[in-house]
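Going down the list, the sequences are from chains A and B. Once you know that position 67 of the first sequence is 74 in our numbering, the rest is easy, because the numbers rise by one and skip nothing. Once you know that position 134 of the second sequence is 147 in our numbering, the rest is easy, because the numbers rise by one and skip nothing.
Just so you know, these hints were derived from the structure itself, not from any lab. Warning: the hint list may mix true and false statements.
[Said to hold, decoys possible] Partial list, computed: chain A residues near chain B (C-beta under 8 Å): (1) Arg9; (2) Val13; (3) Ala14; (4) Val17; (5) Ala30; (6) Gly32; (7) Arg34; (8) Thr36; (9) Ser40; (10) Ala44; (11) Ala47; (12) Arg48; (13) Phe138; (14) Ser141.
[What the hints assert, rightly or not] Label pairs and their in silico Cβ distance ranges: (15) Leu129(B) - Val77(A): 55 to 61 Å; (16) Ser92(A) - Gly118(B): 46 to 52 Å; (17) Leu194(B) - Ala147(A): 52 to 58 Å.
[Unchecked claim] Only part of the chain B face toward chain A is listed, based on derived beta-carbon distances under 10 Å: (18) Trp192; (19) Ala196; (20) Leu231; (21) Ala235.
Note that CB positions come from ideal geometry on N, CA and C, so glycine has one too.
What follows is each chain in one-letter form.
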Amino acid sequence: MRTAAVAALVVVVVAGSAFSLQAAGLRSTPPASTIAARAARWLLGYRYVTSAIEVRGRTLDGRCYHGWFVGRRGRVQRGTLLLLSNGGFVRAAGSKRLLAVRSFTTAPMNALEVAGCTHVLGPRIASLAQFDPSIRLARAWLGGRRVNALHFYHLILLVAPKTSRPVGVLLHGIKSRIQLERVSPALAARLEAT
Amino acid sequence: MTAAVVERPPAAAALASRIWIVGWWAAGRTLVLATAGLLEAFGPRGLIGNDETAHVLGALGAWDGRWYRTVAANGYLLEPGRQSDPAFFPLYPILLRGLHATDIGYVTAGLVLSNLAFLAALALVETLTRELFGAATARRTTVYLALFPMGFVFSMEYPESVVLCAIALAALAALRRRWTLVAVLTALGTLARPEMLFVSLALLPLALREPAPARRGLALGALLAPLAALGSFALYLQLHLHDPLAWTHAERAWGRKFTPLGVVRAIQDVPTAFAGNAWIVRDVAFFLLYLGLLWLAYRRGVPKAWIVSGALIVIMPTFSGSFHSDARFGLLAPAIFWGFAGVGERRSFDTAIRWTSAALLVGGTVSLAYVFP
Chain A
8 MRTAAVAALV VVVVAGSAFS LQAAGLRSTP PASTIAARAA RWLLGYRYVT SAIEVRGRTL
68 DGRCYHGWFV GRRGRVQRGT LLLLSNGGFV RAAGSKRLLA VRSFTTAPMN ALEVAGCTHV
128 LGPRIASLAQ FDPSIRLARA WLGGRRVNAL HFYHLILLVA PKTSRPVGVL LHGIKSRIQL
188 ERVSPALAAR LEAT
Chain B
14 MTAAVVERPP AAAALASRIW IVGWWAAGRT LVLATAGLLE AFGPRGLIGN DETAHVLGAL
74 GAWDGRWYRT VAANGYLLEP GRQSDPAFFP LYPILLRGLH ATDIGYVTAG LVLSNLAFLA
134 ALALVETLTR ELFGAATARR TTVYLALFPM GFVFSMEYPE SVVLCAIALA ALAALRRRWT
194 LVAVLTALGT LARPEMLFVS LALLPLALRE PAPARRGLAL GALLAPLAAL GSFALYLQLH
254 LHDPLAWTHA ERAWGRKFTP LGVVRAIQDV PTAFAGNAWI VRDVAFFLLY LGLLWLAYRR
314 GVPKAWIVSG ALIVIMPTFS GSFHSDARFG LLAPAIFWGF AGVGERRSFD TAIRWTSAAL
374 LVGGTVSLAY VFP
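Just chain A, with the same shape it has in the complex:
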């Protein structure tokens, strides 16, 4: 009985001391990183996003879908397709294949990120949430609404204040408003056939 009591006491003291060590020695996660991780989770939970992209004084509408596309030689590949209201598109399929026609920027990857393409922007934000030590949280306005702005290196992600749901992107002077949407099977089939 005495043996068990002493052993239990040792366990309690060790657990308390070990917890105190962690509480004192580890830094609390910066709120900006936590919000960024939550925003990444939002993005990765969706496959379809619509956007309004402001570029050189005019607005382009975008629809971006992540799914399966028929590639070369009839091979089905996972990828992302951004359709623009000017008739242009950007497609990323396979591991490194990027195709852009009448895009609003010369860097196709930037176009996909500004348009909020979920499986391009999501992994990038998730990675930055872990590894970017310079993430900064600020307040901003988007369409008359107050939002949180997550400042990463080169990229600003605008998120809703309470939910951290992504609502906009700023990249190299191009600004967008984005809306994450559920995709119906019929719409998915139509987009995959594009």
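Given chain A's structure and the hints, the job is docking chain B onto it.
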């Protein structure tokens, strides 16, 4: 004229008699650090990230080192379904943060910490081995550990050298029946690597020998300290991430999930893993080598509790469904090195082991450009 006889004080004499340990530590670390430096200067850089190539010994700060630095700099952040830092235990980042507070960079802090801790670990393992098996075995064990092919990990921004230090010191404290110190060391070791849980098993026979109930309670409490430390980590994760098992959940993103049949899955998946990355062969080879050395250690009379502890350190990770990194995990099982020391009893074998190990140590360091240890 009479010569003056100057007697050294006992502590100085003991230190002088161990200077050879510093020599072997320096030899092994020179091979690793020089190879890492050449890798940075002339390549190949392979998969080493940009962050690490900014440092002259960046290869040694690569792979998991990046995750430990992230925890040190930003604390824990769980990203469900993705690789995230709660998979990495807190003690090493806490130490990194402490050193970083003295105005040195995280990579440098990690390299200084790991390499100095390895020197201490070598001295402690030598003392422990000498007390258990005599001076000759202690010398070979120490030399083989200093040159061991996977020993480049002890110079990396990884917690292995700190944990090996804790293991050897805890065992020495247990031999001296200093159970409070054992409790502190096993708890600290567990906060760095979960393998420390199995090391407690090796000390169980010593605890059970305590005759008085209070002392035995203290001893058993000391051996339960790793579980207490693990519990405190779970509590910390619950309070900060709202998930007490965040570390196991984060591990899943690396394809690790503990199941009773995980070892079967690990064996079945070897061909697939080989197709993805042929380096898995190294881990499987070391897994088999470690089991062989444990068997030799058993044959040579190493206490069974240490053999069981070593076997658990080597075998348990495969229950996560993968052999990945098993070559590294085995570094924390002293019984493996006691078995290795037995192989080197013949002089010709001893020489061959030293030269082969040194060559493979260099090769292992170069492999950092392509594969995580």
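I'd like to know which numbered hints this structure contradicts. Please list them from smallest to largest. Number 14 - this is the single hint that the structure violates.
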